[in-house]
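*Asks:* Residues per chain are reported as follows:
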Amino acid sequence: MVLALAATAIVAIALLSEELLPRVEEAWCRHRARRRRAELTPDDPGRERRAEQRARVLLRSCVNEEEWAMYRDLGFLRVWGSQRDGPAQNEGTEGAPYGYLIYPHRAIVAYLAQTHRLLGEYCVQFPDGTRPYGSARLPDSDDVLAKWMALTGDERRLISTANMHLPGRQLDPGRVKRDLWRLAQWERARMRAAVRDAQSSLKLDPAG
Amino acid sequence: MKPGHGEVLIAEGDVEIAEDEQRLIEEFRRQLDAGRWAAVPYADPEGRRQAQMVRSFEDIPRAADRVIFFPRAAGGS
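Read top to bottom, the protein sequences are chains V and E.
Reminder that position 3 of the first sequence reads as -3 in this note's numbering, one-by-one numbering, no gaps.
When you read off a place in the second sequence, starting at 1, and then add 8, the result is the number in this note's numbering.
If you're looking for bench data, these hints aren't it; they were derived computationally from the structure.
Hints should not be assumed to be uniformly reliable.
[To be verified] Reference listing, derived: stretches of chain E covered by chain V, where coverage requires no fewer than 3 residues with Cβ under 8 Å from a Cβ of chain V:
no., region
1, 10 to 19
2, 22 to 30
3, 43 to 49
4, 53 to 66
[As the list claims (entries may be wrong)] From the derived model, a few chain V residues whose C-beta atoms are all more than 12 Å from chain E:
no., residue
5, L(-1)
6, R44
7, G69
8, I102
9, A107
10, G123
11, R131
12, M158
13, P167
14, L174
15, W175
16, A188
17, R190
18, K197
The beta carbon of each residue, even a glycine, is placed where N, CA and C say it ideally should be.
Use the sequences and the hints to build the structure in full.
*Replies:* In structure tokens, the structure reads:
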């Protein structure tokens, strides 16, 4: 009787093990992967925020006051293009002024300054292969600063490195047009404030 | 610039002191060999801010107060 029960138990265990072993193995792998991930990114939820704070300070120290205010208020930067024929050879702008909108971790958008016609999206990244803090991604403001430095320092090189796409691939053209409208409004408001300040300082200093 | 950290001071020194300059040159080369780009932010005579990309230590203006290294650009999706 005992022998029969033992034999039955052995058979049952053998049958169950076929079903259970892969699950146990999978759970073990998941557990190890979780531990590996935890080792790479120590539990410090404030780290990314501190990194972004440092990046904002660095960005502010590099760009001018207007650009900093633009980024702070609108969430993007505008840089004027300097190539005579536009950003890309096949995008002949015939000398018309054009600019770029720089968004954090988004494509750079080229547009015509006068008409706001979108010329193209330039997708570029600055991946750090060493992943020093478990991530290859720069803080938002560092990504903006890297694009700003590369565009103002060597526009042609950055544009030739980027993958060019038609407008609308990554950023909604409607949203970009709205941003251009917001930028125009923002610039008008700043100009009005500057005029007001100038007038009030004239009133304060009538002799000057 | 470093992912997950932001700005990190790599080296500092006075280029007028030979020992410091040598150390800065070595660090500069090490960063470029690691595949990073280097830029010097500056203000032009009209007050516009921009950056100068530098590929060798000699390209850095003597008056520059800092060089910023950042990961090399790559085409994104």
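*Asks:* Run every hint past the structure and note whether it holds.
*Replies:* Going through the hints against the structure:
1. With a cut-off of 8 Å between beta carbons, the region 10 to 19 of chain E has 6 residues touching chain V; three or more are needed, and the interface restraint holds.
2. Requiring three or more residues with a Cβ within less than 8 Å of a Cβ of chain V, the coverage given for the region 22 to 30 of chain E is violated, as only 0 such residues are present.
3. Three residues within the 8 Å Cβ limit are the bar, and the region 43 to 49 of chain E against chain V gives 4, so the coverage statement holds.
4. Against chain V, the region 53 to 66 of chain E contributes 7 residues with a C-beta closer than 8 Å to a partner C-beta. That satisfies the three-residue criterion, and the hint holds.
5. Once the 12 Å rule is applied to beta carbons, V/L(-1) is consistent with being away from chain E; the minimum gap is 59 Å.
6. The claim that V/R44 lies off the interface is violated: its Cβ sits roughly 7 Å from the closest Cβ of chain E, which falls inside the 12 Å cut-off.
7. The beta carbon of V/G69 is kept farther than 12 Å from every beta carbon of chain E, the shortest such distance being approximately 18 Å.
8. Look at V/I102: its CB is around 10 Å from the nearest CB on chain E, not clear of 12 Å, so calling it non-interface is violated.
9. With a cut of 12 Å on Cβ distances, V/A107 stays outside the contact zone with chain E, its closest approach being about 16 Å.
10. Remark: the non-interface label on V/G123 conflicts with the geometry, its nearest Cβ contact in chain E lying 7 Å away (cut-off 12 Å).
11. Non-interface status of V/R131 relative to chain E is broken: a Cβ of that chain comes within 12 Å, the nearest being about 5 Å off.
12. The Cβ of V/M158 does not lie farther than 12 Å from every Cβ of chain E; its closest approach is about 9 Å, which violates its non-interface assignment.
13. For V/P167, the shortest C-beta to C-beta distance to chain E comes to about 18 Å, beyond the 12 Å cut-off, and the non-interface label holds.
14. The claim that V/L174 lies off the interface holds: its Cβ sits roughly 21 Å from the closest Cβ of chain E, which is beyond the 12 Å cut-off.
15. For V/W175, the condition that its CB be more than 12 Å from all CB atoms of chain E holds, with the nearest at approximately 25 Å.
16. Residue placement check: V/A188 keeps its beta carbon more than 12 Å from all beta carbons of chain E (closest about 15 Å).
17. No Cβ of chain E comes within 12 Å of the Cβ of V/R190; the nearest lies about 22 Å off, and the non-interface call holds.
18. Listed as outside the interface, V/K197 is consistent with that label: its C-beta sits roughly 27 Å from the nearest C-beta of chain E, beyond the 12 Å cut-off.
In this structure, the earlier hints numbered 2, 6, 8, 10, 11 and 12 are contradicted, and the remaining ones agree with it.
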